[in-house]
Amino acid sequence: MLIQFLRERYNYRHLIWILAWVDFKQRYKNSVLGYLWSLLEPLLMLGILYIVFSNLMKNPVEHYPLFLLMGIIMWSFFSRATTSSLASIRFKPSLIKKVYFPRDILVISNCTTALLMSLFESVVFIMFMAIFRIPLSLNIAYLPCIIFLFYILTLGVSLALATLNVYYQDIQYIWALVLQLGFFATPVMYPLSVFPTSFLKILSYNPLAQIIFIARDVTLYSKVPNAASLAFVIVIAFVILAIGYAIFARLEPRFAEEL
Numbered sequence: 002m003l004i005q006f007l008r009e010r011y012n013y014r015h016l017i018w019i020l021a022w023v024d025f026k027q028r029y030k031n032s033v034l035g036y037l038w039s040l041l042e043p044l045l046m047l048g049i050l051y052i053v054f055s056n057l058m059k060n061p062v063e064h065y066p067l068f069l070l071m072g073i074i075m076w077s078f079f080s081r082a083t084t085s086s087l088a089s090i091r092f093k094p095s096l097i098k099k100v101y102f103p104r105d106i107l108v109i110s111n112c113t114t115a116l117l118m119s120l121f122e123s124v125v126f127i128m129f130m131a132i133f134r135i136p137l138s139l140n141i142a143y144l145p146c147i148i149f150l151f152y153i154l155t156l157g158v159s160l161a162l163a164t165l166n167v168y169y170q171d172i173q174y175i176w177a178l179v180l181q182l183g184f185f186a187t188p189v190m191y192p193l194s195v196f197p198t199s200f201l202k203i204l205s206y207n208p209l210a211q212i213i214f215i216a217r218d219v220t221l222y223s224k225v226p227n228a229a230s231l232a233f234v235i236v237i238a239f240v241i242l243a244i245g246y247a248i249f250a251r252l253e254p255r256f257a258e259e260l
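For the sequence shown, the numbering used here begins at 2 and goes up steadily by one.
Since the hints were made in silico from the structure, they are not lab data.
A quick note: this is a predicted structure, and the numbers were derived from the prediction, not measured.
Quick list of in silico lysine-lysine cross-link-like pairs, DSSO-like style, CA-CA up to 27 Å:
id: 1; residue 1: 202; residue 2: 224
id: 2; residue 1: 93; residue 2: 26
id: 3; residue 1: 26; residue 2: 99
Make a model of the complete structure from these sequences and hints.
Written as structure tokens, this is what we have:
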């Protein structure tokens, strides 16, 4: 069922891209700086967090500004994609009721828009790598795979959230709290060395943490991804997508009634 879903949505790739690109342009349509906000947002966040946490770190982290920036960009993608997907169905009742098309395309296009924004933000990351003269190794070839898995995982979460938000409006408020807690529970700002050994095992079950660790390893530290971590991420990403799609497929027929 999941393979069929992926194959069918691939056939809608042009529509998904158009919706995602239109949404991306709309976000900056009336702003003075336009697309520059895609570069300024991570820089501003980096500046604030770097000033605070660089002074709190007991053990210095190699290339800490880029270590922090990578975490910010990846967390922002997850947060932005899931938050925008929450409203992708609930706040488009006229479209859902009057026009027939696969409803999950709205969620997929929102996740794609968030990915586009993150790719623009990555320009800042590349600039910093050049400034700090960090060499790239062949391990960077793992990065597209990591991004794809992160997208798959995020899409699964987004499908579930968008569906449940149609039936239970409390989901949007609960998810906002979950994201706030998740930002600090996921090592966006700090390395593993700050945790006690007993806590590391718990953290190893956080797929977002594992994805961020792997992305940092292949870009900043020229390391081959840990095989166990990579296998865990692959499995959990597709499991979450399957669960999200199952929830969506089961409840989607009654969307028009609920809206």
